[in-house]
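For the sequence shown, the residue numbers in the numbering used here are 300 to 748.
Calculated directly from the structure, the hints in this document are not laboratory data. We put the beta carbon where it would ideally sit given N, CA and C, even for glycine. Worth double-checking, as some hints may not be accurate.
Claimed, not checked - Simulated DEER-style distance windows between Cβ atoms: (1) N554 x R424: 25 to 33 Å; (2) R564 x H517: 27 to 35 Å; (3) K729 x V555: 24 to 32 Å; (4) D511 x E450: 50 to 58 Å; (5) T544 x P343: 14 to 22 Å; (6) S333 x N554: 41 to 49 Å; (7) E580 x S333: 51 to 59 Å; (8) E306 x E543: 47 to 55 Å; (9) E725 x R424: 41 to 49 Å.
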Amino acid sequence: MTTNHTEADFEVGIIGGGPGGAAAAAYLAKAGISCAVFERKMFPRPHIGESLVPATTRVFNELGFLEEMENANFPKKYGAVWTTTEDRPVYFNDYETDDFTDILFAERKQEGVNQNYTYHVDRGRFDLLFLQHANKLGATVYQGFGINKVELNEGELPKLHFRMGGKDMFVTVKMVIDASGRDAMLGTQLGVRVKDSVFNQFAYHAWFDNYDRENPKHPNKKEYIFVHFLPITNSWIWQIPITETITSIGIVTQNVHFPKTKEGREKWFWDTVDSRPDIAEKLRKATRIRPFKEECDYSYAMKQICGDRWALIGDAGRFVDPIFSSGVSIAMNGARLLTADIIKAHKEGGNYNKKSFANFEQTLRWGTRNWYDFITLYYRLNFLFTMFIKDPKYRTDVLKLLQGDVYDEETPQVLHEMKKIVKSVEEDPKHPLHNMLGTLTCAEFKPSF
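All chains, please: the whole structure from these sequences, using the hints.
As structure tokens, then:
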């Protein structure tokens with residue numbers, strides 16, 4: 300870091316060293332653009348979001364990181380499973396509800412992806428490896444330096460402020476990327492953060508050793524991600540393999556169901572798990588090896604995700620319920636889209652105005668809205684999702700969304716069809732699916748960006 304600020308210390312300053320920040324740094328460094336990552340914490344550090352979707356593989360391929368992923372021996376994720384124990388058979392369009400639905404990524408070829416699996420990851424290890432890879436490509440990385448303020452004064456170079464040795468310091472850059480995760484540092488400072496009026500979810504989770512992931516009714520799927528629905532409105536359990544014997548288990552629920560005091564939350568966790576006796580029996584035999592952690596203030600958006608000399612990626616720009624493991628993929632693909640615009644602007648003279656990021660803004664708007672609509676429809680009518688997976692006309696389209704390919708069209712046709720059916724169910728109290736509607740409305744939460 301220099302003290303002469305008549306010229307920028309770095310072309311691009313990146314706030315946060317998680318997957319979005321590391322991907323942005325790696326793309327820029329690979330293109331020969333000077334960049335620095337400022338990460339508040341020292342890696343490795345535990346983090347929520349331990350299951351990836353196949354769309355991340357394209358980024359790994361482009362950045363030369365796939366070999367390191369393979370060498371790390373993270374559990375391979377070949378598909379996903381959704382379970383329920385509810386005994387209420389319903390017939391609709393020749394399909395019947397059951398207690399088990401699964402899908403394989405291998406069923407659809409994906410551009411830029413040459414393998415039929417993705418990964419479950421220990422985020423502590425994964426984030427460290429990925430940030431180190433960006434450093435190897437030429438990005439400067441500062442760990443233990445949290446940016447606490449960004450100056451974006453017109454006619455001046457942007458300044459990133461931090462403290463070092465008890466002193467206030469800053470570096471200058473030409474472009475700022477906020478990848479600070481749910482801290483949403485820059486969006487909060489700019490006053491563009493907006494609370495999601497539909498989703499108000501909480502999560503409570505830990506790691507367990509020797510949890511039996513095998514399902515005797517459906518064998519050979521213990522390395523899939525499992526989503527276990529609960530007989531509590533809009534609530535579910537995740538089951539994610541971390542190693543051969545360690546499993547991440549977490550409950551996601553609405554605020555109304557979540558205990559208001561910390562003292563009652565562990566009891567609530569076990570009481571809630573007991574609502575699924577098939578899971579509770581196995582989980583009580585396992586050994587918890589990490590303290591319970593909670594995640595709250597779950598879903599939000601930003602009125603704006605970019606402006607002159609700044610942009611937001613990943614959770615710093617949008618966070619929605621993680622039921623489809625979309626977080627890391629959206630962060631990394633947001634970095635891919637944004638850095639393509641930055642690299643183009645750099646080649647054309649380095650004018651990083653808002654217009655320079657038009658492709659990033661438009662494409663990410665499509666992608667995040669498609670995810671949001673998908674998740675909203677999913678919560679509104681779970682059985683609809685099951686039906687669309689089973690229907691050959693829609694199975695591939697749903698799989699495309701689950702693979703993370705949500706950026707290439709404004710609204711996929713399958714979402715139009717799902718919305719039509721949900722609307723018809725909502726409007727007809729005598730519809731065979733009407734009593735299966737969730738409490739979350741189908742009203743869209745649309746940020747103004």
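Hints, verified against the model:
{"no.": "1", "hint": "N554 x R424: 25 to 33 Å", "verdict": "holds (32 Å)"}
{"no.": "2", "hint": "R564 x H517: 27 to 35 Å", "verdict": "holds (31 Å)"}
{"no.": "3", "hint": "K729 x V555: 24 to 32 Å", "verdict": "holds (28 Å)"}
{"no.": "4", "hint": "D511 x E450: 50 to 58 Å", "verdict": "holds (54 Å)"}
{"no.": "5", "hint": "T544 x P343: 14 to 22 Å", "verdict": "holds (19 Å)"}
{"no.": "6", "hint": "S333 x N554: 41 to 49 Å", "verdict": "holds (44 Å)"}
{"no.": "7", "hint": "E580 x S333: 51 to 59 Å", "verdict": "holds (56 Å)"}
{"no.": "8", "hint": "E306 x E543: 47 to 55 Å", "verdict": "holds (52 Å)"}
{"no.": "9", "hint": "E725 x R424: 41 to 49 Å", "verdict": "holds (45 Å)"}
The structure meets every hint from the earlier list without exception.
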